[in-house]
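Protein chains: 2
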Amino acid sequence: MVKLGESTVCPVSRSLDIVGDRWTMLCLRELFMGATRFEEIQIQTEATPQMLTSRLKALEANGMVARHLYSEKPRRYEYRLTEKGREVYPVVQALRAWGETWCKAPDEGVAVLYSHQECGHDVGLDNVCTHCGVRVERKDLDARLSDKFAKERAQRHAVFKGKTGPV
Amino acid sequence: MVKLGESTVCPVSRSLDIVGDRWTMLCLRELFMGATRFEEIQIQTEATPQMLTSRLKALEANGMVARHLYSEKPRRYEYRLTEKGREVYPVVQALRAWGETWCKAPDEGVAVLYSHQECGHDVGLDNVCTHCGVRVERKDLDARLSDKFAKERAQRHAVFKGKTGPV
Chain A
429 MVKLGESTVC PVSRSLDIVG DRWTMLCLRE LFMGATRFEE IQIQTEATPQ
479 MLTSRLKALE ANGMVARHLY SEKPRRYEYR LTEKGREVYP VVQALRAWGE
529 TWCKAPDEGV AVLYSHQECG HDVGLDNVCT HCGVRVERKD LDARLSDKFA
579 KERAQRHAVF KGKTGPV
Chain B
429 MVKLGESTVC PVSRSLDIVG DRWTMLCLRE LFMGATRFEE IQIQTEATPQ
479 MLTSRLKALE ANGMVARHLY SEKPRRYEYR LTEKGREVYP VVQALRAWGE
529 TWCKAPDEGV AVLYSHQECG HDVGLDNVCT HCGVRVERKD LDARLSDKFA
579 KERAQRHAVF KGKTGPV
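In the order they appear, the protein sequences are chains A and B. Each residue of the first sequence is one higher than the one before, counting from 429 in the numbering used here. Each residue of the second sequence is one higher than the one before, counting from 429 in the numbering used here.
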C-alpha cells in the first residue's frame with residue numbers, strides 16, 4: 429500500500445509508485461479486457477503465478493481491485509476493478525495509442541478495434557468519438573479483436589492448457 | 429532497441445517494453461518539464477548515474493531522445509525529445525491526472541498548474557481546454573509549479589549541489 433504524503437507531491441511519481449511496473453499494467457490491461465480470474469490473467473500476461481500474485485495483492489491493497497469469492501471449495505476469488513482502478517483507463521488508452529502509432533509495422537494492423545456503443549462508429553486511437561465529438565470512456569466502447577490478436581490470444585490459451593492438462 | 433514484429437501485436441505491451449519502467453517515465457517527465465542535461469534529470473529523478481545512463485541510452489536507441497553536443501571539452505550532450513518521444517505526453521498526462529485525483533491528500537494541491545497559452549485558462553487535469561473546448565498538447569500549455577512542488581525541486585537541487593560541491 430502506497431501511503432499519501434510522501435517525499436514528492438509530483439502526481440506522476442505517485443502514480444508510478446503504484447502502476448509504474450510492466451506486469452501491473454499488463455494485469456490491468458487484462459482486467460479492462462474483461463478477465464476476472466487469476467488463470468485468465470496469468471495466461472494472457474504470461475506472468476508467473478508469483479509475479480501475478482504480488483501484483484494483484486498490491487492492486488488490492490491500493491484499492492484498485494476488489495476480490496470477490498466465487499467458489500467455496502476450493503476457495504477461489506474473482507478480481508474486479510474498483511472505480512479507482514477503472515480510472516486508470518486513460519493511461520492504458522494512451523499507451524495503446526502510442527504503441528499502435530510508434531511501435532508497430534504498417535502491416536500488423538490495430539490489435540483491438542473500439543467502436544462507440546451509442547453511434548457504432550470506430551473511435552480509432554482517440555478518446556473522443558470522431559463521429560459524435562464526445563469524450564468516450566472504456567464503458568462507452570465495444571471492443572473487437574483483430575483476427576491476428578484473437579489468434580495470438582487463443583494460442584496462448586491453448587499452450588497453457590496443453591501444458592497444465594485439462595482442469 | 430525494441431524490435432517490431434515480436435510475440436504480440438498488443439500495442440500496450442509494445443509500449444510497456446519501451447516506457448513500462450518507472451525510471452524511464454520519470455526521465456521523460458523531466459524532459460517534458462524542460463530539462464535537457466544529464467545532471468538536471470539526475471537531480472530531479474534522484475536516479476543514480478548508472479540508472480539514468482541506461483534509460484537515456486534506451487530512449488535514444490528507441491528514437492525517443494536525440495543527443496546534441498553542447499560542449500567539446502569536456503564532451504557533453506544535451507538530450508531532447510524527438511517527435512516519437514514528445515508523443516508519449518498523453519501517457520504522462522494520464523498518469524498525472526490519475527495521480528492528482530487518486531494518490532494525493534486534499535491539502536496537497538496540484539503540483540503543476542497548466543494553462544492554455546491561447547486563452548490563458550487553467551486546463552485542470554484534462555487534455556481538453558474547458559474554456560475553448562479544444563484538445564491541447566504539451567506545446568499548447570504554460571506550466572506553473574505550485575509553491576510546494578517548486579520548493580521540493582529547489583531542495584533536491586540544493587542537496588545535490590551541497591553533496592557534490594560547486595561545479
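Some hints here could point you the wrong way.
A pair counts as met if it fits within one copy or between any two copies, since identical chains are not told apart.
To be verified - Calculated lysine to any residue pairs in the SDA-like style (CA-CA distance at most 25 Å, straight line):
1) K485 / W530
2) K532 / F466
3) K591 / E565
4) K485 / A525
5) K501 / S543
Just so you know, these hints were derived from the structure itself, not from any lab.
Status of the hints after comparison with the structure:
no., hint, verdict
1, K485 / W530, "between (32 Å within a copy, 18 Å between copies)"
2, K532 / F466, "neither (29 Å within a copy, 30 Å between copies)"
3, K591 / E565, "neither (37 Å within a copy, 47 Å between copies)"
4, K485 / A525, "between (28 Å within a copy, 24 Å between copies)"
5, K501 / S543, "neither (40 Å within a copy, 56 Å between copies)"
Checked against the numbered hints above, the structure violates hints 2, 3, 5; every other hint is satisfied.
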